[in-house]
Amino acid sequence: MNTAAAARERAAKGPFEAAKRRRFAWLSSRLGRRETLLFYAFISPWIIGFVVFTAIPMISSAYLSLTDWDSFQTPNFVGLANYVKIFSQDPLFWPALGHTLYFAAISVPLSLLIALFLANLLAKPFRGAKFFRTVIYIPALVPLVAAAMIFRWLLAPRSGPINGFLALFGVEGPAWLLDANWIIPAVILLALWQVGAGTILLIAALQGVPPEMYEAAELDGASRTRQFWNISVPLVTPILFFNLITGMISGFQVFSQVYVLTNGTSGPDNASLMLVPYVYDNAFRYYDMGYASALAWVLFAIVMVFTAIVIRSSNAWVFYETEVRS
Amino acid sequence: MSRPASARKRTGEKTHGALRYAILTVVSAILMAPFVFIVSISLSSDQTTKQLSFSFWPSEFHFDNFARAFTSDLPMGRFLLNSVVIVFFSCIFMTLSSAVVAYGFARLRAPGKNILFIVLLSTMMIPGEVLLIPQFIIFRNFGWIDTLLPIIVPNLFANAYNVFLMRQFISRIPKELDEAAQLDGLGQFGIFARMAMPLMKPILVAVAIFTFTFNWGYFFGPLIYINSTEKMPLALGIQLLSATSSGAQTPPWNLVMVGAMILIIPMVAVYHFGQKYLYEAGLVSGSAGLK
Chain A
306 MNTAAAARER AAKGPFEAAK RRRFAWLSSR LGRRETLLFY AFISPWIIGF VVFTAIPMIS
366 SAYLSLTDWD SFQTPNFVGL ANYVKIFSQD PLFWPALGHT LYFAAISVPL SLLIALFLAN
426 LLAKPFRGAK FFRTVIYIPA LVPLVAAAMI FRWLLAPRSG PINGFLALFG VEGPAWLLDA
486 NWIIPAVILL ALWQVGAGTI LLIAALQGVP PEMYEAAELD GASRTRQFWN ISVPLVTPIL
546 FFNLITGMIS GFQVFSQVYV LTNGTSGPDN ASLMLVPYVY DNAFRYYDMG YASALAWVLF
606 AIVMVFTAIV IRSSNAWVFY ETEVRS
Chain B
1115 MSRPASARKR TGEKTHGALR YAILTVVSAI LMAPFVFIVS ISLSSDQTTK QLSFSFWPSE
1175 FHFDNFARAF TSDLPMGRFL LNSVVIVFFS CIFMTLSSAV VAYGFARLRA PGKNILFIVL
1235 LSTMMIPGEV LLIPQFIIFR NFGWIDTLLP IIVPNLFANA YNVFLMRQFI SRIPKELDEA
1295 AQLDGLGQFG IFARMAMPLM KPILVAVAIF TFTFNWGYFF GPLIYINSTE KMPLALGIQL
1355 LSATSSGAQT PPWNLVMVGA MILIIPMVAV YHFGQKYLYE AGLVSGSAGL K
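Chains A and B, in that order, give the protein sequences. Numbering (the working numbering) for the first sequence: 306 to 631. Numbering (the working numbering) for the second sequence: 1115 to 1405.
Here chain B stands alone, though its shape is the one from the complex (with noise of 0.2 Å):
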């Protein structure tokens, strides 16, 4: 006799789920791997570095690596500082340009209004190389070349993608909200900028954080427009001392390794801090995992 229908899912339940931690275990020990890797180079002597002899868990603890990092005649303290700069002046700009943008789009009405809708929607399709060496041009004609503000600059020009979200999100704020502002004698941009802008924050934060995640690791952008070291942001900066190797000298990895920490570490904390405005601008998706 075989046994009941119900037993038979129960246990088939329990060696599914068994299976399920088994595997997810094994990726999860996979995926880890490389953050144990680091952690072990960064914490290694400039002994083991020259060598190039790093083992894979940690075995030596140089905590002041960290230190030294900032310490030593290495620019990394530079680095960070013009990688701060780039993302603050970017996530400031990007976020209230976009948002002035969409709100003319989703609240006020004019002639060629759609048109433009429509122009601005297909700009998301244009890839960037095919207007890379253009740009460059113009940024060069600016005397712009070897400083932070071809990164910068066009983040107070809105983006598209940007600009679509927020225009979704203005929608759905009740129109009546307008009308009783203008009641109250506030004129479009007194409604804008006392009214809207408030209710908009989970998708002003949205956006910042996605300017944020963009910019702080970016890095085509900086290699084509700076030059000098003492310019450069952090990812371009460690790239640059990872490569600067020379017969007698190997590069510093440990504290290279260090400066890609200080890469990873508030990316992670930002999606970590940050994830319940995407929940509430309606953005889960994107982060449904880090609760």
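The shape of chain A in the complex, shown without the other chains (with noise of 0.2 Å):
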């Protein structure tokens, strides 16, 4: 038994000793070393950025959260003061991670049942549907300080239209960006305005459900929503589910339409204080380096955590073809 296993393990490593022979022999050749170094070469320009704007800034981050550097002053080692201050002292770290979250939390999964229910209607031709996709694409293409700068006066609470059109049905409409309830609302409707870059993907990924599934439903009497929720769903779950990792990273670093919506400032009461805008103050405007270091490593591995959360959940919402068919 035991020589029979050692065979196995022989006829196992058989192929792969001698792709390694050969691979050592080809290395060794002329040839090959001229190939490593020009491989080596046309890689060189990422390779000089990764050291020198990843690797060393990563490094020197994780060290300088460990200190109370100033930006001009040789940093002093206060070891973990910084974090324990971020989650004990801090009274504003917590409103700014409850802010955070509740963007991400309303607008990430609103945005992906409109993007949804939009896609759905667009999916299948019909006339005029170029012109309904570009107007909803539209919207999207536009760079986040332009579209906070129109937002500003949309939500103006007097003259803007927005609560002039609620004044149509006697609704009066909240302060927005002054009122500190409704200062991130205004933010989740700015992001919803945007919610044709989504509807695209899900477009695409609706065309290319194969067309004999919805005739083989037809055939079986399901209903139009049974089709919608039974064969549409389930097979663009993998582009939900991509929409909801990048949708929540991108929600975790909201930072230039709340810049440009409240002035630069954190909104009344720091209403719309959120983890990057932050990051910044402490960085730019404190020169607090040290602390932002801290914050900005605590912001990584929030969203690290949330994002494995939600890769975690995937296996039991997101379909692959592939599992079917194997």
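Mixed in with the good hints there might be a few duds.
[As the list claims (entries may be wrong)] Below are the DSSO-like pairs computed for lysine-lysine, each with C-alpha atoms no more than 27 Å apart in a straight line: (1) B:K1390 <-> B:K1289; (2) B:K1289 <-> B:K1315; (3) B:K1315 <-> B:K1227; (4) B:K1128 <-> A:K429; (5) B:K1390 <-> B:K1315; (6) B:K1128 <-> A:K435; (7) B:K1390 <-> A:K429; (8) A:K325 <-> B:K1227; (9) B:K1289 <-> A:K325; (10) B:K1289 <-> B:K1227; (11) B:K1390 <-> A:K435.
Since the hints were made in silico from the structure, they are not lab data.
Take the two lone chains and join them into the complex the hints point to.
Here you go:
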């Protein structure tokens, strides 16, 4: 039995070893050495960039987060003091985290649902489909700074068109950007305006669903709604999953739109303070580089945890066709 | 007696179609409304702007605002020029550097290649905020604060996402073409420059489009690195103009909105004219709507 196992092992290793030998022979040949050199020459731009702009900054950022550096004097090592302060003494960290979660938890799923609904209306060919697809996509092309500038005026409490529209129905609109309770919903509205980016991805995904599936379901007497939930939705879950991950990551990194909407402040009673603006404030307003670095790592950890949760959950709801085929 | 199933289905189809048009029309109207308002503000008179009494539908038509944004003492032309300089060099640098690196990963053999490729892919997960402060220090040590260099120069060093896309594209080019080129006496660099690059045109344009869309409205980088007004790109510049209000003076919102429109129009134009290449590069999903 032992010899059999050994033989199996040798058999498994055999082709591997041979490949290794071939590789070694190739490497020591003149041509191989030349190609190796050439490879490193070709990828050198990335290597240099990786070392200078990623690897070194990452290490130094980890170190800085353990110091009290103010960007001018020599940094003093303070151990985990910055992290302790973030979680137990900073009066603004928890609100900033709360607002960020509030924004992400509403805007990401809501965007996905609206995108899915619109994509379902737009996926099949009909007269005017191109026109409507274009119209829905164009807002997503508007740079955030420009979008936020328009929204500042759309949301103006007295003269803005949104409250003007609400007044037609006798509803008195809120003061939006001036009201601590309405400033995050205002940022969410802006995100929903740009729902076209996700919609376009979902249209492409829905068009990839084999038509035979719908035909078969129709023969079985499945209603349109049934077909949508039992065929379309499961088959586009990989794209929903992708949109959820990217939407969540960018949801945690909101900066430009809030900065422009509130003119660089954090809104009434810090009501629109979010995590990335808080990192920015600490680093470039208060020059508290050590503390800002610690905040950035905490943000990184939070995003990683949420991403991991979504990826874990994907086994339960993301459907890959290959699973059925194999 | 109930109607035959086919007739019932046809009426169902019809009401469904009408409902679809109704919903899409309402949604489109809502999504287009902000554009009506921005046009209205940008065509308003200075008087209206001072009183901040903009109307939703354009009621005044001061088309001269578009000229005045550039001829008045506002540095709008300067902002635009800075944006063009940033975008021009960023696109060229990013496209070329990513192509060279991607070709290396796709076509050349060397020890350590697979590990390096995994390292490259994993850099996509590192969030910018973590690198932000040390990068700022590096550029400050270079003496590059208040110049366009911190925004342009990193594009010389490729980008993981673009390298990945290009590598996939190059892998689809038949290897026989390389061999034929080799027989014609081209070296590896010749094969890259004279054979691969022309074939890579769709993906080169696609990466240039991505680089353009990222940099044209880029706000965070310029906010951190640039202090003086005459070096600001458009996105940062119009934010500055809209924020400089003192008690006596309101921001020139009508001209600021002209700036915002200049920020929007090239984005739409680039997607409109570039999507053909996105299609050819196999990146349809990002642009399926604009045909």
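Right, here's what the structure says about each hint:
Taking the CA atoms of B:K1390 and B:K1289, the gap is about 26 Å. The hint holds against a cut of 27 Å. For the hint pairing B:K1289 with B:K1315, the CA-to-CA distance comes to about 18 Å; that is within 27 Å, so the pair holds. For the given pair, B:K1315 sits about 25 Å from B:K1227 by alpha-carbon distance, which is consistent with the 27 Å threshold. Between B:K1128 and A:K429 the alpha-carbon distance is near 15 Å, which keeps this suggested pair within the 27 Å criterion.
Note on B:K1390 and B:K1315: the hinted pairing holds, with a Cα-Cα distance of about 11 Å set against a maximum of 27 Å. Our distance criterion of 27 Å between C-alpha atoms is met by B:K1128 and A:K435, whose separation comes to about 20 Å. For the hint pairing B:K1390 with A:K429, the CA-to-CA distance comes to about 21 Å; that is within 27 Å, so the pair holds. Of the supplied pair hints, the one linking A:K325 and B:K1227 holds, its CA atoms being roughly 15 Å apart against a limit of 27 Å.
As the CA atoms of B:K1289 and A:K325 are separated by approximately 23 Å, the hinted pair is consistent with the 27 Å bound. Taking the CA atoms of B:K1289 and B:K1227, the gap is about 19 Å. The hint holds against a cut of 27 Å. Taken as a hint, the B:K1390 and A:K435 pair is honoured in the structure, with Cα atoms around 15 Å apart against an allowance of 27 Å.
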